[in-house]
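As a plain string of letters, each chain reads:
Number of protein chains: 2
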Amino acid sequence: MKLDICFSPDLLPRYELASKVVVVVDILRATSTIVTALAAGVAEVFPVATLAECAALGRERGCLTAAERDGLPAPGFDLGNSPFGFLDPARPVQGRRLAISTTNGTAALQQSLAAEAVVCGAFLNLAAVAGFLRQQGRDALVVCAGWKGQFCLEDSVFGGALAERLAPEFDVKSSDAALAARHLWQQARPDLAAYLLQSAHVRRLNSLEASQDFQFCLEIDKYAAVLPVWREGRLVSA
Amino acid sequence: MKLDICFSPDLLPRYELASKVVVVVDILRATSTIVTALAAGVAEVFPVATLAECAALGRERGCLTAAERDGLPAPGFDLGNSPFGFLDPARPVQGRRLAISTTNGTAALQQSLAAEAVVCGAFLNLAAVAGFLRQQGRDALVVCAGWKGQFCLEDSVFGGALAERLAPEFDVKSSDAALAARHLWQQARPDLAAYLLQSAHVRRLNSLEASQDFQFCLEIDKYAAVLPVWREGRLVSA
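Protein chains in written order, with this note's numbering: chain A, 112 to 349; chain B, 112 to 349.
Any copy will do: because identical chains look the same in the list, a pair fits if it lies in one copy or spans two.
Okay, derived cross-link-like pairs now, DSBU-like style, lysine-lysine, Cα gap no bigger than 30 Å in a straight line:
#, residue 1, residue 2
1, Lys259, Lys284
2, Lys259, Lys113
3, Lys113, Lys333
No lab work stands behind these hints, which were simulated from the structure alone.
Input sequences plus hints: build the corresponding full structure.
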């Protein structure tokens with residue numbers, strides 16, 4: 112089996128998705144938040160492209176709604192894109208359905224649906240993703256949500272961390288993208304937060320909330336058994 | 112001034128080109144070969160997308176023709192895509208015009224023409240590129256030709272080498288792509304050839320000719336004063 116990495120959803124037309132497992136990753140913060148939501152007991156997640164669809168799912172199907180644009184909570188929704196929104200004892204989410212719309216992550220997911228299987232990856236559930244890929248025994252493609260279609264450091268470094276975990280079983284050397292991502296991960300690993308703070312767009316998330324989110328999203332294997340998997344139009348825990 | 116790197120021509124729609132200087136790079140081998148051709152005395156270079164256009168320029172305008180597809184010389188043309196084709200004393204190229212069609216490099220060039228200025232970069236002329244960018248004093252974008260639209264290691268590492276040279280004068284930290292490319296360059300620098308030979312597509316170029324080309328294309332500043340610049344439909348030496 113081969114592991115490859117696509118650094119931007121805009122490059123997806125260059126990849127054959129059929130028969131592959133796709134791992135969608137948007138570390139800051141869509142996939143980290145979705146993993147956290149399922150870990151907190153959310154029953155199913157509807158990722159949608161537009162704020163209007165998100166609001167409609169809230170109105171018509173009783174979904175909890177979460178929406179973010181350009182890194183900020185969108186007004187008029189229950190939650191923004193912070194994982195901490197799902198960890199507040201004052202607002203239990205157990206058994207709820209969630210509609211979520213984010214800038215980059217949702218789009219990456221929607222564009223990956225031609226694959227045999229689609230899961231969400233984050234540092235929080237790295238072990239779950241690696242275990243699923245080993246068990247599936249198929250070629251895998253990490254799809255980085257990126258930042259407005261451009262390369263972004265944290266998603267790519269996650270791809271490298273996954274390649275490192277899977278190197279014993281997967282071919283992670285026949286793709287230049289996987290090679291490069293693994294090298295970046297090897298540089299980042301000793302101090303992941305400091306490494307990623309070199310990124311200007313990460314530093315831009317410098318509000319107190321965003322800074323807490325950032326630290327949280329870098330915890331490796333906090334939810335090591337939680338795997339959001341795409342089934343019939345929604346994400347559920349595998 | 113800011114230096115950014117675009118890892119694939121497919122991502123160009125995400126970048127504003129107007130008012131920028133674009134550096135097109137296809138280390139193996141289009142831009143290395145074009146630099147060598149101009150260094151050897153070729154007067155002007157017409158990069159074309161199709162083999163038919165290349166042949167027509169040979170027939171109708173007396174151009175020397177060079178063409179490659181999937182890493183191999185295309186049949187029926189004077190030359191393939193090897194820089195050594197321009198260094199053969201038995202076939203002097205001084206003053207000739209050249210029509211060249213290559214898989215990835217020509218396409219990257221054609222897609223970059225909305226920029227204020229377009230030049231060709233290679234390890235062979237790194238100093239010339241850096242000097243031109245300093246002198247222009249504009250934002251710059253390195254456009255990696257990549258491999259069929261996908262990320263490729265040697266073009267990206269070149270981008271990192273350029274970022275390293277320009278770090279004193281340019282902002283090379285506000286783009287994640289430039290950060291990552293610079294880190295890759297720092298890893299590659301101690302033994303550039305060994306580093307790039309990790310790449311499966313580089314290893315695939317394992318014929319004797321390709322291996323000689325590979326070593327040649329990694330010579331830094333062999334042609335430190337040669338700068339192919341786009342002027343009125345052709346590349347000329349600046």
